[in-house]
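Student: In case you want the letters, here they are:
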Amino acid sequence: MTVMEQRGAYRPTPPPAWQPRTDPAPLLPDAEPYRVLGTEAAAKADPELLRTLYAQLVRGRRYNAQATALTKQGRLAVYPSTTGQEACEVAAALVLEERDWLFPSYRDTLAVVARGVDPVDALTLLRGDWHTGYDPYEHRVAPLCTPLATQLPHAVGLAHAARLKGDDVVALAMVGDGGTSEGDFHEALNFAAVWQAPVVFLVQNNGFAISVPLAKQTAAPSLAHKAVGYGMPGRLVDGNDAVAVHEVLGDAVRHARAGGGPTLVEAVTYRIDAHTNADDATRYRGDAEVETWREHDPILLLERELTAHGLIDDDGIQAARQDAEVFAAALRERMNQDPALDPMDLFAHVYAEPTPQLRDQQAQLRAELEAEQEGAHR
Amino acid sequence: MTVMEQRGAYRPTPPPAWQPRTDPAPLLPDAEPYRVLGTEAAAKADPELLRTLYAQLVRGRRYNAQATALTKQGRLAVYPSTTGQEACEVAAALVLEERDWLFPSYRDTLAVVARGVDPVDALTLLRGDWHTGYDPYEHRVAPLCTPLATQLPHAVGLAHAARLKGDDVVALAMVGDGGTSEGDFHEALNFAAVWQAPVVFLVQNNGFAISVPLAKQTAAPSLAHKAVGYGMPGRLVDGNDAVAVHEVLGDAVRHARAGGGPTLVEAVTYRIDAHTNADDATRYRGDAEVETWREHDPILLLERELTAHGLIDDDGIQAARQDAEVFAAALRERMNQDPALDPMDLFAHVYAEPTPQLRDQQAQLRAELEAEQEGAHR
Amino acid sequence: MTTVALKPATMAQALTRALRDAMAADPSVHVMGEDVGTLGGVFRVTDGLAKEFGEDRCTDTPLAEAGILGTAVGMAMYGLRPVVEMQFDAFAYPAFEQLVSHVSRMRNRTRGTMPLPVTIRVPYGGGIGGVEHHSDSSEAYYMATPGLHVVTPATVADAYGLLRAAIASDDPVVFLEPKRLYWSKDSWNPEEPTPVEPIGRAVVRRSGRSATLITYGPSVPVCMEAAEAARAEGWDLEVVDLRSLVPFDDETVCASVRRTGRAVVVHESGTFGGPGGEIAARVTERCFHYLEAPVLRVAGFDVPYPPPMLERHHLPGVDRILDAVGRLQWEAES
Amino acid sequence: MTTVALKPATMAQALTRALRDAMAADPSVHVMGEDVGTLGGVFRVTDGLAKEFGEDRCTDTPLAEAGILGTAVGMAMYGLRPVVEMQFDAFAYPAFEQLVSHVSRMRNRTRGTMPLPVTIRVPYGGGIGGVEHHSDSSEAYYMATPGLHVVTPATVADAYGLLRAAIASDDPVVFLEPKRLYWSKDSWNPEEPTPVEPIGRAVVRRSGRSATLITYGPSVPVCMEAAEAARAEGWDLEVVDLRSLVPFDDETVCASVRRTGRAVVVHESGTFGGPGGEIAARVTERCFHYLEAPVLRVAGFDVPYPPPMLERHHLPGVDRILDAVGRLQWEAES
Ligand SMILES: Cc1ncc(C[n+]2csc(CCOP(=O)(O)OP(=O)(O)O)c2C)c(N)n1
Ligand SMILES: Cc1ncc(C[n+]2csc(CCOP(=O)(O)OP(=O)(O)O)c2C)c(N)n1
Ligand SMILES: [Mg+2]
Ligand SMILES: [Mg+2]
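Each protein sequence line maps, in turn, to chains A, B, C and D.
So for the first sequence, the working numbering puts the first residue at 1; every next one is plus one.
So for the second sequence, the working numbering puts the first residue at 1; every next one is plus one.
So for the third sequence, the working numbering puts the first residue at 1; every next one is plus one.
So for the fourth sequence, the working numbering puts the first residue at 1; every next one is plus one.
To be clear, the hints were calculated from the coordinates, so they are not data collected in a lab.
Below, simulated EDC-like cross-link-like pairs (lysine to aspartate or glutamate); rule was C-alpha separation at most 20 Å, straight line: (1) D:51 / A:280; (2) C:51 / B:280; (3) B:165 / D:56.
Stretches of chain B that chain C covers, calculated by requiring three or more beta carbons in the stretch to come under 8 Å of a beta carbon on chain C: (4) 332–345; (5) 357–365.
No residue lacks a Cβ here, since even glycine has one placed at the ideal position from N, Cα and C.
Just need the whole structure built from these sequences, with the hints factored in.
Tutor: Here is the structure:
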């Protein structure tokens with residue numbers, strides 16, 4: 001008997017608990033970002049949707065310009081612009097039903113506004129009057145979240161809670177390419193997959209985390225390739241193709257709603273403006289790179305498609321621009337009014353009931369304010 | 001001209017910055033854990049290696065039994081056993097060169113001992129005399145790490161530093177299946193891949209994190225599938241096949257040493273004993289499951305292979321067992337001696353120089369101890 | 001006064017009972033953490049809850065503390081009342097950002113529209129012979145974080161009452177469970193459990209006239225013992241059990257110190273930057289002219305928590321407390 | 001006395017110079033963090049370092065604070081001296097576990113064989129109109145963690161000297177940079193920089209006889225202003241700049257308080273559980289019989305740091321300091 005034959009007798013079985021539970025293949029993203037505009041699929045897109053997206057993109061672009069202008073006038077403390085990323089911002093808001101929840105990052109005021117929150121309220125944080133300017137329950141929009149990626153577990157928990165309560169609610173959470181490096185990103189995706197929570201994670205890969213380019217952030221083939229490691233599908237989409245983003249996010253939302261669990265969507269886009277108005281992007285990138293991306297502008301792409309299909313004419317384009325101007329003018333005017341702030345708010349919402357310690361401090365500030373007032377009256 | 005033809009004119013180019021930098025295919029693990037024992041490849045294995053592994057496994061098993069016995073005798077505060085996981089523990093130590101570094105988790109005293117650390121020193125933490133019982137620089141073994149996954153970034157930083165200094169050093173870091181859920185796991189793997197640091201991550205998937213089974217820990221096809229999301233290769237190996245683990249880890253170490261960057265290795269194994277001596281595993285798993293795994297025992301698998309190849313006979317088996325007994329007896333005896341501990345050590349190593357505040361506290365304790373001493377002498 | 005016979009119970013049992021009663025009373029109460037389900041927790045505090053209420057109400061989570069607390073935040077946003085278990089004190093640190101930047105601030109951030117009724121149970125302190133990272137006293141971190149309540153029981157009855165109150169609170173509560181008191185027993189009638197009282201009242205555990213020991217959690221029994229031992233030295237010590245560190249009951253504490261004129265703060269947590277500094281400072285601010293001596297502190301040394309074989313030298317014990325009482329300038333009296 | 005003409009420099013420039021000089025003097029010094037390389041940091045403190053020393057010595061890391069500090073630990077284990085930048089105070093929280101469980105304990109854990117010479121630069125405090133999470137004063141957390149040094153400069157010269165000392169230290173140092181003093185200017189000769197002195201000495205910034213203001217970092221200039229304003233009220237205030245919170249210079253502080261008999265601790269950090277409690281308590285323990293009044297505290301309110309438009313109501317200012325000085329029981333004197 002040969003050694004080989006002998007060995008036949010004890011050929012080990014696979015480790016008993018080893019069962020690959022998921023087929024990895026369908027979880028992997030395609031090699032190229034998904035696109036609709038400029039492909040045959042575009043002809044099949046709903047014309048009404050294209051027009052709505054277009055109007056929203058144009059308005060979004062104008063909103064970004066207006067908000068940036070407001071920082072120059074001292075009406076906003078700081079503004080992180082989404083110029084160039086409007087397709088993602090708008091699509092994220094439009095794919096959701098009223099009962100769904102949006103979890104924006106600090107950059108995503110445009111998505112918040114597109115979801116229906118009053119723009120003045122949405123800008124409250126960046127204006128410096130208060131931390132959150134809107135009631136999260138009114139439009140089901142979580143507070144703008146500054147500590148990166150920390151809102152992702154919130155989205156998972158909320159979606160999980162809704163499912164436990166039997167409510168048909170999906171949460172869509174937004175994060176940047178830089179944010180994917182944080183531990184909270186990892187933990188949130190893992191919880192979501194284990195719990196099969198109805199969540200969609202939208203990573204806007206805009207090429208930079210402040211000054212740090214993607215190549216210093218990850219060595220992965222794509223950020224969407226992270227999904228398989230959690231057992232959820234990863235999708236890669238051209239983030240400047242509003243129709244494609246809308247479709248991919250819409251599919252993910254429907255998948256989640258149907259009980260299929262979470263999806264990770266990476267939208268490849270570009271931050272055209274500096275990180276914020278306070279940033280100087282020339283320190284870390286050249287104009288040439290920005291220019292290439294301007295040619296891949298989300299508004300341009302959609303406008304060409306609409307024109308090509310005869311779905312819009314010059315009047316239509318003008319109308320969209322006009323609507324955006326009206327929107328911006330209203331915002332400008334309302335932001336010019338000084339907010340009325342009550343310093344006593346400092347203590348009002350720390351706890352349901354102020355502690356005795358806080359009541360003492362409250363009394364101190366009240367006395368100081370009264371003294372100030374008296375001084376002013378004298 | 002048709003709409004399709006018109007569109008040809010503005011068919012958008014891929015987003016300019018889009019370049020999939022890595023081919024994902026080679027980073028993905030095979031569907032089945034890699035095995036050598038019981039396959040044709042076994043015949044090609046180095047007989048000396050097989051014998052060495054066997055002797056180490058037998059000794060490791062005995063070590064686990066002895067350490068567990070020491071907890072019953074009150075000589076160890078607690079012991080997390082690696083019975084059933086000896087193949088991983090031993091292979092992790094054996095694949096490293098002297099100049100390399102090992103980063104063990106709290107469970108991995110066996111790997112630490114197999115690397116050459118005195119077993120009494122390796123058990124110091126679990127005995128309760130001090131936090132780390134050995135000089136990490138002597139055998140290049142980091143302290144046993146209790147906060148799960150937190151040692152992984154240390155391994156990355158150390159390997160990175162060595163490379164920056166031009167030293168040919170690889171770090172091998174060990175973590176459990178549960179530990180992969182922590183944010184530190186994610187951040188460590190990402191840093192390693194971005195920096196192309198010479199690190200090997202060995203996940204011992206032993207089926208449980210205390211009582212929590214893998215299915216509640218992850219929904220991924222395998223833990224090795226996480227690798228592609230960082231842009232490093234993921235390898236799946238039968239963790240009870242000492243030869244396979246040795247080969248896969250060895251390949252990964254060589255790959256890292258050659259400048260190829262990090263690898264994630266998932267070894268599928270099983271924790272035969274309870275989480276620690278203090279745990280009651282019957283609360284969360286049945287005997288039947290444990291029994292199936294006993295049939296896939298790492299020592300059994302290797303012993304059969306050795307016998308089949310005529311590489312060992314009964315005398316050889318007896319000799320290995322005898323060696324293990326001698327090892328255990330020496331350990332037992334040395335652990336029966338009470339360690340000499342100096343309470344003043346509390347202050348000795350908090351800072352290079354104690355702060356004035358600590359000197360006050362030091363003086364206080366010294367006075368107390370002297371008073372105690374005097375009381376005892378009277 | 002109740003006529004039902006009192007049965008001895010451990011603090012761990014009282015905590016289990018509190019969780020059970022809270023879950024039975026309110027379907028929005030969810031328990032979550034590492035090993036809390038099938039195993040019933042490493043200290044068995046959640047024993048039986050998964051069986052009685054199902055795994056959706058008492059959930060074994062993946063092993064990731066930031067994820068546990070972060071998802072709990074989301075659950076609370078949707079109207080649930082999560083009760084999170086951190087397995088050991090030091091393993092709550094990964095969740096620190098979620099705790100400080102979100103849990104403690106969400107109500108304030110949203111002008112009161114989004115309160116977070118999350119209870120975070122943290123077994124804390126030493127004295128159980130635990131290895132590294134299993135004996136930290138981390139209350140100073142929580143006290144310095146506005147927006148959190150911080151409470152800790154010292155008796156079986158308080159364990160029940162305070163945990164019920166914590167879960168009932170509309171604000172986040174860090175609920176610190178003294179590990180070494182888990183198996184402490186007390187006569188307590190589980191059929192007529194202590195009523196839930198609002199958080200924030202200290203209690204005088206022992207009246208005395210000579211000096212006040214201000215303490216909480218695991219150090220309460222030590223202080224009671226010290227007070228007994230002090231009788232031999234002619235001191236009649238009062239012992240105040242704070243129960244709640246935030247809010248702080250200045251009223252009860254200062255009333256006691258004004259009566260006795262002397263005080264020692266006792267806790268396991270390190271001295272420098274520990275809770276005792278705050279307590280001594282605020283007592284002094286309020287009772288300066290009543291004090292015969294500075295408020296002293298007996299607390300852990302400012303060192304990483306020592307290994308089991310040395311912990312007795314670290315922990316504040318009876319002798320060290322009596323030494324401090326002896327330094328309260330009694331000459332001034334005569 | 002130097003004869004070279006002094007040139008005005010900002011605190012940020014002095015910090016940059018300190019990093020540069022440390023890197024030039026010792027090839028094991030590595031700077032790392034978010035945006036520290038090409039951009040030179042959001043406050044430009046690392047400006048030019050990547051260019052001068054290469055990206056391996058001044059590295060843009062992935063965006064993950066625990067990963068930054070955790071890899072820095074590993075680099076220090078291998079003999080490097082990492083200088084880590086946390087972009088803002090609140091963004092250091094994700095690294096809390098690495099800081100508390102490893103950075104602060106590694107030397108002790110290994111009986112001195114594995115020291116960790118890591119410097120952790122944290123821009124902190126308010127007054128710059130930052131949105132949420134950009135103005136935290138987190139020093140209380142670090143003070144309560146044995147094994148860390150905690151220092152913070154208030155002047156341009158100290159910024160240089162203390163940072164050099166921090167990097168030279170064989171122990172981990174949390175180096176707190178007062179954000180609103182980054183652009184403060186002072187005459188300082190960059191060609192003859194302040195000698196590196198060991199960490200741990202406070203300094204009397206202004207001598208006075210009536211009472212002592214004990215302060216540090218961003219509150220030092222405020223206290224200096226208050227001391228000037230106090231002259232109109234007839235008070236001659238002494239101002240002690242702690243510079244180092246750990247170790248704490250009891251000697252300098254207590255010598256001052258014993259001279260003046262009255263003290264107010266001033267800081268931005270919240271009052272409850274903040275540094276002031278520790279400082280007041282230890283001063284009182286040591287100077288009880290010299291004190292005419294309890295040591296008072298003027299500090300931030302116990303609320304999450306407010307939005308820019310309200311921060312002036314939160315920050316301890318001259319008026320609030322003078323109010324506190326007024327409450328130091330001056331009647332007792334007459
Ligand atoms: C936890 C945390 N660390 C650091 C920061 C500071 N910070 C604000 S934005 C930013 C870059 C974010 O990059 P990315 O996630 O790609 O989002 P983008 O700005 O491109 O939208 C950084 C580092 C933060 N807000 N939170
Ligand atoms: C950060 C952290 N959280 C929790 C714990 C408590 N704990 C110790 S071991 C363990 C389970 C670890 O499971 P796994 O990673 O699979 O390793 P194994 O025990 O199976 O070797 C837990 C939860 C810890 N040590 N560290
Ligand atoms: Mg980005
Ligand atoms: Mg395991």
